[in-house]
Amino acid sequence: MASSQHVLLSPAELSYLHSSLSLTPPLRPDGRSPTQYRPLSAETGILPGTNGSARICFADGTEAIVGVKAEVEKTKRRWDDDTIFSENNHHQQQQQQQQQQQEGEEENEGRNNNDEEGGSSDWVELTVEIPGYRDDDSGTVFLGQMLSEALLADGGFVKRLRINRRFHWKLFLDILLISPPLSYPLPLLSLTTHLALLATRLPKLKSEGDEDPFFDDDWAAAPYLYARDPATKRVAERPPVTLLVMAVGGNIIFDPSKEELAVADVVLAVSVGDDAQGKGEDRMDVDGSNPGRNLKLLSIRTVDPPSRLTPPGVANAANSAYGHAQVVNTGANQKMPEARQTESEAVEGVWKPPRGGAKAVVMGALVQKVLVRGGVADEVLDALEGVDTS
Amino acid sequence: MADRRRINGPPGATMAPVFEDDAGQPEIKNGKGRDRAPNVIRKTFLKTGVTPSASGSAYLEFEGSSKSGVSGLKLSCTVHGPRSLPRSSPFSPHIVLSAHVKYAPFATKQRRGYLRDPSERDLGTHLETALRGAIIADRWPKSGVDIIISIIEGDQDRETSKSQGDETWDMMNVLSGCITVASAALADAGIDCVDTVAGGVAALVQDAGEDSTPRIVVDPIPSDHEKVLGACCVAYLPTRDEVTNLWFKGDLPASDAGLYTQLVENGIQASRNANRVLVECLGEATS
Amino acid sequence: MPLDTSTYNLALLRVDGRRWNELRRIHAQIRTQAAADGSSYLEMGHTKVMCVVTGPSEPGPRRGVAGAGGGGGGGGAGGQSKEAEVVVNIVIAGFSSVDRKRRGRGDKRTLEMQSTLSNTLAATLHTHLFPHSQINISLHVLSQDGSLLAALINAATLACVDAGIPMTDYVTACTAGSTSTYAANDEGADPLLDLNHQEEQELPGLTVATLGDSDKVVALVCESRVQISRLEGMLAVGVDGCKQVREILDQVIKAQGQKMILEGTVDKGTGLNDMDLD
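Residue numbers (the numbering used here), protein chains in the order written: chain S, 1 to 390; chain E, 1 to 287; chain V, 1 to 278.
Simulated from the structure, these hints should not be mistaken for lab results.
Where hints are given, some of them may not hold.
To be verified - Among the chain E residues that face chain S by a calculated CB cut under 8 Å, a handful are: (1) P118; (2) E153; (3) P253; (4) V277.
Glycine is no exception: its CB is placed at the ideal position from the N, C-alpha and C atoms.
Based on the sequences and whatever the hints tell you, model everything.
Written as structure tokens, this is what we have:
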């Protein structure tokens, strides 16, 4: 499912859309403000057969369902684990591990060469289903990779799936778009995945240490994948969200619709996470006032703007139907007078698909706009916090 | 997805035996590390017109690491087209670009199948985005062009298997190579572009040792460093000063905006360097 | 886990406590999805499916060919036929069964269900009214516990009604089975209505779809071995089940219709009152 679906807009419509979106403030076809998301309704835990599930409907009617299922899997022993290191080394390793366990596991992780406490990215399998598109369609694959990339970016997520040294959970995320793909579904799928992960629970482990795991049958006792703070019932750390943001003219527009994407100069998908560690300190630093979240940047991808594939308009001057085309054909112009003309100059009110890339500064501004404290990413995360995921 | 049309190799991965190192060099694990300056890319070999049957082609090779057992990246790219679209396809006012990136089965430590896996398809999409910005698509209505890249050898450290997570970082290097080689092949095929586009990678890395602080290097080899904290791959058009594709991955605190900007700037720098090789190669080919 | 059918003869109760001629709980909704032309959600016991209908519309550009390729120009080849083409697309979610089993799009069972469904609906919908067009029916299976094909047919019927596509009558489907296995060769086996997953695995069964209130069978799928003598009984029970299902679906649609009329009149009423006040 590529971002460049067929948008049936004429060059004149595209030109109108482009100029109204380039105004300050931009005039969006659905009347939203540039940073406003489409209103949505969400529910979680809709499928009792899954470990976690969520459903989101956007106001424009697009709808997605995400189901999470977990299976216990044996952790593959890596062949160099104990064999390649000399006795000496091996010893050190074990000491290190013991030390680590005492120190609390998260600290040493970064520097430790043998990432016993880490996980592997194969522990998560994410599939995206878009009706009418093959699951190996490059656009569908791109969406899936983008969503899993954000999830796996900091390596913290797979650590949650570890059971013991020999076993781990394998998590299957199935993302279904229910409605026909009316707009680029990235924001919808990302938000739904976020909620489904928040609602995900894994059975409570009863076995200890490295023995074969067995679990508590009581589903009510199953802990959440993203642990809740017992006092406040709030989720301490939250899964990442991916925001779609585009630039047109001098404006930055969030959550663009299909029509808006058709005139975009540049489209970025930015994944942000909520850095929970820093939050506590920060809350204390700033006295009383809501300091917003400590966001972290996890991934950025350029989404191919479909505007490059829109049909160009023909200016009156170059249109032979109006009798203006008998311009002197001299020299280099002789071969393709119209093409040369449309390429050389931009005529007011005539749609010309953008060519080339975007300035690095513009992309930087887009990313900044996402990450700014109290900005859109903050707002989206706050809104998602309002959804009951218990 | 089983491929039943061909006779495949054994399903399980086999590992070549690895012998313990001599007592003299147990330090090889930590390696010599990077021996280039942080802002210098690897030596690059680029040649166009290597496949006579294609309308354009190019071959690119990155120098391997100084460490033994680490090979460089070897890519070959062919461009077929512009040619007319099949009769069944709808009218297109532009050239229809399709990019295929495929690892040779023997290119990496883990054997690759004949069918393209998601990571290869993903690379193809990235490459398409990078090139679509460079091509002047409306000069070729109703036609299509296929860009086919085969990765003959990926740059992976064959010695260790510890670096599992490296594969994701390797993809960035591969993508930057793909962009550069595809741009050369497009020029060789005579397809009009606004500029030559080249790929560059910059990464925030942490070296081994207790007191090392994260630093930014261009064109990183993941196995040279203890840990890669974040990396970005940039496709850049130097004369227009524009970026056609930006791919960032990592874990950066949002409060430190300078870090992200520096990474992108370094990526652009790396891309400029690669572009110099590209321009020289194209100059040689025409002279 | 083999199904223990020996207890049936004692109390004449099935594993889930139903009698032989009882349906599971059917819950259905239509107009669940605002963006689609027609949509429905249907639960038959623990089998849950969603259906979205788009169309009748102009056949879209051939998808999957150059993926992102091709620009704004629509149209293209295809859709030259005199009748609308019914395209059915079934997505079985990976999380729908107890053990996660991923089924690709090329899965043979899914393909067969798709073609059964598309043939059944093409025969019932008035496709000749929409030449050169396409009716897209996409079905999502969220949870499966037997009688999947029947649930899909019922959901598709509801969604087509919601989409306002003219059709001869309701197409309703139901499964029927027999109380003992083929191997048991039990002459006195009773027919069963609406099999769940466990029964479907062990016992012979068939899916039958009928047209409206009549006894006209529009689809019949039997994939298991069963003695010919039992077939008639199973079919009779199945057809009877279809009538029960029809009643339920009819109620759902009437309730939705009533709701819409009510909502419509409420709007009108307030509008009239406002005018009076002016």
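Right, here's what the structure says about each hint:
1. For E/P118, the interface hint holds, the least distance from its beta-carbon to any beta-carbon of chain S being 5 Å, beneath 8 Å.
2. Because the smallest distance between the Cβ of E/E153 and any Cβ of chain S comes to about 22 Å, over 8 Å, the interface hint for this residue is violated.
3. For E/P253, the suggested interface contact is upheld, since its CB lies about 5 Å from the closest CB of chain S, less than 8 Å.
4. Residue-level restraint check for E/V277 is violated (minimum Cβ-Cβ distance to chain S is 20 Å; threshold 8 Å).
In the structure shown, a violation is registered for the earlier hints numbered 2 and 4, in ascending order.
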